[in-house]
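Protein chains: 2
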Amino acid sequence: MTLKNNEIPYKIYLEEDEMPDKYYNVRADMKKKPAPLLNPGTMEPMTKEELSAVFCSELVDQELNDDDPYIEIPEEIRQFYRMYRPSPLVRAYCLEEQLQSPAKIYYKFEGNNTSGSHKLNSAITQAYYAKKQGLKGITTETGAGQWGTALSMACAYFGLDCKVYMVKVSYEQKPFRREVMRTYGATVTPSPSMETEIGRKINLEHPGTTGSLGCAISEAVEKAVTSEGYRYVLGSVLNQVLLHQSIIGLETRKAFDKYGIDPDIIIGCAGGGSNLGGLISPFAGEKLRGEKDYRIIAVEPKSCPSLTRGKYVYDFCDTGKVCPLAKMYTLGSQFIPSSNHAGGLRYHGMSPIISELYDQGIIEARAYEQTEVFEAAVRFARCEGILPAPESSHAIKAAVDEALKCREKGEEKTIVFGLTGTGYFDLKAYEQFNDGTMTDYVPTDEEIEASLANAPGYAK
Amino acid sequence: MTLKNNEIPYKIYLEEDEMPDKYYNVRADMKKKPAPLLNPGTMEPMTKEELSAVFCSELVDQELNDDDPYIEIPEEIRQFYRMYRPSPLVRAYCLEEQLQSPAKIYYKFEGNNTSGSHKLNSAITQAYYAKKQGLKGITTETGAGQWGTALSMACAYFGLDCKVYMVKVSYEQKPFRREVMRTYGATVTPSPSMETEIGRKINLEHPGTTGSLGCAISEAVEKAVTSEGYRYVLGSVLNQVLLHQSIIGLETRKAFDKYGIDPDIIIGCAGGGSNLGGLISPFAGEKLRGEKDYRIIAVEPKSCPSLTRGKYVYDFCDTGKVCPLAKMYTLGSQFIPSSNHAGGLRYHGMSPIISELYDQGIIEARAYEQTEVFEAAVRFARCEGILPAPESSHAIKAAVDEALKCREKGEEKTIVFGLTGTGYFDLKAYEQFNDGTMTDYVPTDEEIEASLANAPGYAK
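Chains as they are written, first to last, in our numbering: chain A, 18 to 477; chain B, 18 to 477.
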């Protein structure tokens, strides 16, 4: 392999002092704002007071702030970021050569930290505000475990107690993820547990259940609101999380600016929307302000196609229906995706910001089956050297497809995608792929319709 | 936490064009050279021709080259390095603060690549020369799996076949490592297998055996010498491997030079010696030439204490006794260490270069028990954010101890250690530590003596 373009290094690193000192709040540039969260009892917008019973106060301010385009990153958080950021923007020279494509492919790699994903960017910020508020600890849920791992690391750093409710089936099948969290001092409880009212109720009604993310959310929220000095934190979906993740996009923008590059296509995988929202924020802002035009592509699994087959309505965020309602593209809170290996993309809904941008046509979306995603993952691993997470591999698949289109048409487009994490804890999935036993599953229209019937906004 | 020393960033990154373009060969600066490998049949030094039956020709030249201080890194290898190098030299500000030590602690982090360790530095070079020689493929053995993973990645990159003999117990207990190798296209065979003569013999003599590294080496060598177009490669111990790993030390030296820093203490874990030898090479060179003085500390597990309790004699490198003899600090080729979790530090011998430097007093050595090593690992993980490999954690433990000594004495020493890899595949060990069920084992003098009795150099 030879370099096509010697002036661009393999990895564009910013200096530590070039790291952004403010988050970018894309809502400030949206004329039509994302719809507010609703109180499930009154169906009125959640007030600051109501939200503050569940979330840390300063995070509630961020959640409700639709106006300020920039929000300062406190120095304590920036110091933590310096341990693993700025993350590299990598030119995928080897993948380009393998595809024989004139496209220029870049990826922003967020997996070079022990949590293994971009989740740490928001975990540290949420832990910081909890500490600043004088709390004892925080509660959360985790499915695949990336968010729980990130939060455990953040809490260890600030000396906060961390209680993680881990979906029981993951707790049992992913003991290594669990041990990383315990190593960072977190208490990890399989959910549904007998520790909370909702957990006991679910265990009683569904003996032997292996749990679900929606149920773990309900337990974590209950634990937070019934424990003195605790609040609940969430790793995706919320406005505040996308705000924190904007550091991904801001660094990407700055790294491109160093070389005078504007990407043509920006690609991210989409589960709850945290990584996609973070990566695209500054670019979506330029597009919203009419300064630039980009193709922005959200990629989701065909097994959980909230953007491509869901409805944009108010729905519950959790199966227990204790959380506020959000207006979002949703498959219904009772939707149970097949056991797709991209655990981080199995959420029934989508961030209200992403949902609104999609509805406005700022973002497009597509869905892939997992086998074709793993083909792309293995191709990428073998030439770029990084073993990607199944979630991130959805973005790889889309980038490969776009690069192949460029080859057909002889177009020299610049493509950038978010490589959100590594697949070290997903080797069961790779084993199935290597053995040729991986299967695909696409829900029927009837399944989606049945689940959506429970969404308050859709039923009406 | 506040920065003590604002002019030094958290991570010192070199630019890609500052990456070394030559390896440094410390043997050139040694007045007394490491002893040559001996033919086990004749007890005469192995000739170039004899070695070339097993190893790639250009690697044999490197193995035998005691004179040239610098050996060029081919451009193809440097391009591969650019995908994950230069690796960061990190200032452990948070660890310093937690230890309340005036010491300045740095670590050179080699874990930010999918193989999870420094092994990739030599794997790619060995694969390159195999490809250049027109070979079809290479064979090797792996214990814990880091070397096998690195070699699989390197072979995928150059389109070489890769046959890995994996110690049977690891093959069964570390299925994830095995899957990474398979994902990179390698054939992974549990050893002892029925594919080789030596494997069949061992299976016959020891039915139900779970294998050993020494046995897997014997199988891999047999497979290489009996297959057309194949050669054998090894991930540690050999001179050529330490040569390739010198890139670690050269980058470290250059990164320090950027800030006018000279370390006082340089620390590395020592199994076969590849990481330690790589990190210290340029510093040992300065010391050998009388230009500078450094304390250089090799750290090994008390369960496999080749430097601290072994003898400096000619011994077999493998249990099958088919490989050349090396003069090295050894516990005897029949030594079976207790099931210490630092799989990479369980080799009975030590690189001849490290052995000679130790014998000359250029290096000192110490040994720790695994429980105290894991205490240091967890402390490090919680404040520096990286989950370290058990092997690397030996170096962390020594760095922490040296920093605590600095606190006692009020000395502002600069300490640098090699953080060779990550612990994602070692979570069974962390689980035992977290559960409080981890045990320590130190071999008795009688056990070591019994094993050493088989070493040809010792028996005489």
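Don't take every hint at face value.
[To be verified] Over the 10 Å line for every Cβ pair with chain A, so calculated as not near, a few chain B residues: (1) 32; (2) 33; (3) 178; (4) 199; (5) 214; (6) 398; (7) 401; (8) 428.
[Unchecked claim] The calculated DSS-like cross-link candidates involving lysine-lysine, where the alpha carbons are at most 25 Å apart (straight line), are: (9) 28(A) x 50(B); (10) 65(A) x 50(A); (11) 271(B) x 28(A); (12) 271(B) x 445(A); (13) 28(A) x 445(B); (14) 28(B) x 39(A); (15) 275(A) x 430(B); (16) 65(A) x 149(A).
Please keep in mind that the hints were generated in silico from the structure rather than gathered at the bench. Each residue gets a CB set at the ideal place from its N, CA and C atoms; glycine is no exception.
For each hint, the structure was consulted:
Not every C-beta of chain A lies more than 10 Å from that of residue 32(B), the closest at about 7 Å, which undercuts listing it as non-interface. The non-interface label for residue 33(B) is inconsistent with chain A: the shortest C-beta to C-beta separation is roughly 5 Å, within 10 Å. Here residue 178(B) stays apart from chain A, with its beta-carbon at least about 14 Å from theirs, past the 10 Å limit. With a closest Cβ-Cβ approach of about 5 Å to chain A, residue 199(B) is found to fall inside the 10 Å limit, against its non-interface label.
No Cβ of chain A comes within 10 Å of the Cβ of residue 214(B); the nearest lies about 29 Å off, and the non-interface call holds. Its closest Cβ contact with chain A, about 6 Å, brings residue 398(B) to no more than 10 Å, contrary to its assignment away from the interface. At roughly 7 Å from the closest C-beta of chain A, the C-beta of residue 401(B) falls inside 10 Å, breaking its exclusion from the interface. With a least beta-carbon separation of about 25 Å from chain A, residue 428(B) lies farther than 10 Å from that chain, consistent with its non-interface assignment.
A threshold of 25 Å between alpha carbons decides the hint, and for residue 28(A) with residue 50(B) the separation of about 39 Å lies outside it, so the pair is violated. Distance hint between residue 65(A) and residue 50(A) is fulfilled; the C-alpha atoms sit about 18 Å from each other, no more than 25 Å. Annotation: proposed proximity of residue 271(B) to residue 28(A) holds, straight-line Cα distance about 19 Å (limit 25 Å). Between residue 271(B) and residue 445(A) the CA atoms are separated by roughly 41 Å; this puts the pair beyond 25 Å, and the hint is violated.
Between residue 28(A) and residue 445(B) the CA atoms are separated by roughly 34 Å; this puts the pair beyond 25 Å, and the hint is violated. About 21 Å separates the Cα atoms of residue 28(B) and residue 39(A), which keeps this hinted pair within 25 Å; it holds. A hinted pair counts as satisfied when its Cα atoms are at most 25 Å apart, and residue 275(A) with residue 430(B) does not qualify at roughly 37 Å. With a CA separation close to 18 Å, the supplied pair residue 65(A) and residue 149(A) stays within the 25 Å bound.
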